[in-house]
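Student: Protein chains in written order, with my numbering: chain R, 1 to 71; chain B, 1 to 476.
Be aware that a few hints might be false.
Okay, derived cross-link-like pairs now, DSBU-like style, lysine-lysine, Cα gap no bigger than 35 Å in a straight line [claimed, not checked]:
#, chain 1, residue 1, chain 2, residue 2
1, B, Lys374, R, Lys56
2, B, Lys98, R, Lys56
3, B, Lys334, B, Lys393
4, B, Lys98, B, Lys374
5, R, Lys56, B, Lys348
So the derived label-pair ranges between C-beta atoms look like this [what the hints assert, rightly or not]:
#, chain 1, residue 1, chain 2, residue 2, range
6, R, Glu64, B, Glu53, 45 to 55 Å
7, R, Pro65, B, Arg294, 35 to 45 Å
8, B, Arg472, R, Arg49, 40 to 50 Å
9, B, Lys39, R, Lys56, 47 to 57 Å
10, B, Thr331, R, Arg49, 34 to 44 Å
11, R, Glu37, B, Arg471, 32 to 42 Å
12, R, Pro58, B, Asp35, 15 to 25 Å
13, B, Lys470, R, Arg68, 30 to 40 Å
14, R, Pro36, B, Ser64, 19 to 29 Å
15, R, Arg68, B, Glu69, 16 to 26 Å
16, B, Ser332, R, Arg44, 45 to 55 Å
17, R, Glu64, B, Arg472, 10 to 20 Å
These are calculated hints, taken from the structure and not from any lab test.
Glycine is no exception: its CB is placed at the ideal position from the N, C-alpha and C atoms.
Here are the chains, one letter per residue:
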Amino acid sequence: MAQKITRRGWAAAITATAALSPSLNQAQVPVAQETPEELLEEARRQARRNQETLAKVPLEMAVEPASRFEA
Amino acid sequence: MAFDDSIFFATITELNAKLRAKEFSAQELTKAFCDRLEKLGPRYNALALSYREQAIQQAKDVDSEIKRERFRGPLQGIPYGAKDLLAAAGGPTTWGAKPYAGQVFDEDATVIRKLEKSKAILCGKLSMVELAGGGGYRFPAASLQGPGINPWDRTRWSGGSSSGSGSAVAAGLVPFALGSETSGSILTPAAFCGITGLRPTYGLVSRHGAMALSWTMDKIGPMCRSAEDCGIVLEAIAGKDTDDPGSAGKSFYYRPEFARKFADLTIGYSPVDFEGWADPAARPSFAQALEVFRGFGSKVVEVALPDLPYGALTNTIITAEGAAVFEELITSGKVDGLADAKQIAGLKAGLEIPAKDYLKAMRIRSLVQQEFRKLFINVDVLITPARAGAASKLSDPLDRGTPTSSPTPASRGLHDLIPAGNLAGLPALCLPCGFADNLPVAVSLVGRPYSENTLLAYGREYQNRTDWHKRRPPAT
């Protein structure tokens with residue numbers, strides 16, 4: 001469904017965004033205190049914590065992964 | 001035509017009645033909302049892209065129909081905004097993220113098409129947290145348009161990820177908006193902005209043409225001024241769609257008059273949600289709301305969620321599916337163009353989640369669903385604070401928790417109902433119920449799959465008895 005944007009479309013998009021976003025509201029994303037590498041390590045640690053938490057739930061073999069997504 | 005401010009805060013039903021009575025034309029109404037959206041939208045970082053020209057053209061067609069007394073239903077001629085996660089032909093669909101700033105689709109999302117068929121008028125795309133927050137973000141500024149600003153207090157966040165939808169409805173920039181929820185993205189901005197939001201049952205509303213974050217958890221729903229408006233919009237957007245593999249193939253008809261009597265229903269709640277988990281400043285409003293619901297004549301019983309790791313489950317499932325969705329973005333390095341450094345790291349780490357962990361999470365999800373089926377044998381509706389308190393400050397990191405002087409409660413209650421309800425695909429309705437420190441707070445109702453009419457009947461009755469949903473933010 002996606003298509004490449006034309007140069008005209010690109011220009012329109014940029015103009016629209018620029019016109020509608022005054023500098024007042026362009027709050028900078030606060031600079032993370034951690035480096036990207038440290039953030040990646042923290043994200044990995046979070047995944048491991050999740051894994052450890054899930055490991056504590058007893059599961060019988062017959063429990064299959066959810067294949068319908070409404071209860 | 002100069003409109004009184006009250007028009008910008010009128011409900012869909014009120015606006016449609018005035019259009020049919022020819023108090024003003026659809027073109028006049030659309031122009032007025034487009035002006036307001038373009039003027040005030042940037043004040044709240046709510047507007048991604050104006051659709052003024054297309055909107056006015058659509059409004060002309062509506063006027064022509066109304067002139068010939070061809071009435072199409074309650075949404076005919078009603079302006080609205082759509083979260084920029086939904087494809088709309090004719091302009092960029094950015095998903096709130098810089099790497100997709102120039103992305104254009106050549107067809108509309110199914111929900112946009114359905115609203116067009118109902119003759120609602122798309123006035124603009126509304127801002128959102130980049131990639132609907134996939135990977136996990138630290139700051140509200142994680143968005144192409146900047147942080148979602150709350151119309152009730154510009155130092156506060158509007159909530160996410162449907163940030164612009166929440167603030168635009170609250171500030172009277174559109175009569176209603178479409179948002180999406182994977183785990184909290186409709187309920188949170190609705191609660192923080194003081195509007196009514198409905199998260200439909202998984203599969204009831206087509207997601208064709210919407211950005212995917214989690215194929216098994218994404219839902220699209222209305223964000224409005226009232227429960228009744230949510231019912232009207234849901235009826236228009238729900239229904240079978242063969243283009244959405246998750247479509248349940250069910251329709252929805254908003255029929256509050258046929259809802260079961262409240263006296264025949266049972267409401268479940270947990271005192272610890274209202275007295276322990278809730279922010280102390282919000283407790284009086286939550287307690288008052290519970291009292292109003294007690295007055296409906298329903299049986300009210302105490303319940304609690306089973307002890308399952310809802311947070312770890314949603315985190316694992318959404319991160320794993322989100323990383324799969326955005327694999328090309330991540331491996332190409334374009335992910336580094338996102339605004340939030342934590343989110344970038346979260347998406348990268350998501351690619352490393354082992355299949356066994358994802359499958360384990362999905363197996364435990366089966367247990368969550370079983371537990372809800374048991375819970376709903378004896379209870380029809382659950383009620384809990386939608387969020388524990390009011391909107392956080394724009395500068396607050398979102399992953400550090402809110403500092404509180406209250407001790408952590410010993411029991412869970414329904415505290416994790418947002419992740420739990422999303423894992424089970426349950427519908428939820430967020431209702432404004434008062435203020436804490438001059439900021440809106442809200443309760444949410446959660447029911448069985450496809451029980452939207454029951455939730456909406458409760459919501460409508462609650463809003464007949466209170467006026468929190470009619471409050472307007474200052475200086476809008």
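Student: Taking the hints in turn, state whether each one holds.
Tutor: Consistency of the hints with the structure:
| no. | hint | result |
| --- | --- | --- |
| 1 | Lys374/B / Lys56/R | holds, 22 Å |
| 2 | Lys98/B / Lys56/R | violated, 39 Å |
| 3 | Lys334/B / Lys393/B | holds, 30 Å |
| 4 | Lys98/B / Lys374/B | violated, 44 Å |
| 5 | Lys56/R / Lys348/B | holds, 26 Å |
| 6 | Glu64/R / Glu53/B: 45 to 55 Å | holds, 52 Å |
| 7 | Pro65/R / Arg294/B: 35 to 45 Å | holds, 40 Å |
| 8 | Arg472/B / Arg49/R: 40 to 50 Å | holds, 43 Å |
| 9 | Lys39/B / Lys56/R: 47 to 57 Å | holds, 54 Å |
| 10 | Thr331/B / Arg49/R: 34 to 44 Å | violated, 25 Å |
| 11 | Glu37/R / Arg471/B: 32 to 42 Å | violated, 47 Å |
| 12 | Pro58/R / Asp35/B: 15 to 25 Å | violated, 60 Å |
| 13 | Lys470/B / Arg68/R: 30 to 40 Å | holds, 39 Å |
| 14 | Pro36/R / Ser64/B: 19 to 29 Å | violated, 56 Å |
| 15 | Arg68/R / Glu69/B: 16 to 26 Å | violated, 45 Å |
| 16 | Ser332/B / Arg44/R: 45 to 55 Å | violated, 21 Å |
| 17 | Glu64/R / Arg472/B: 10 to 20 Å | violated, 50 Å |
In terms of the numbered hints stated before, the structure departs from hints 2, 4, 10, 11, 12, 14, 15, 16, 17, listed from lowest to highest.
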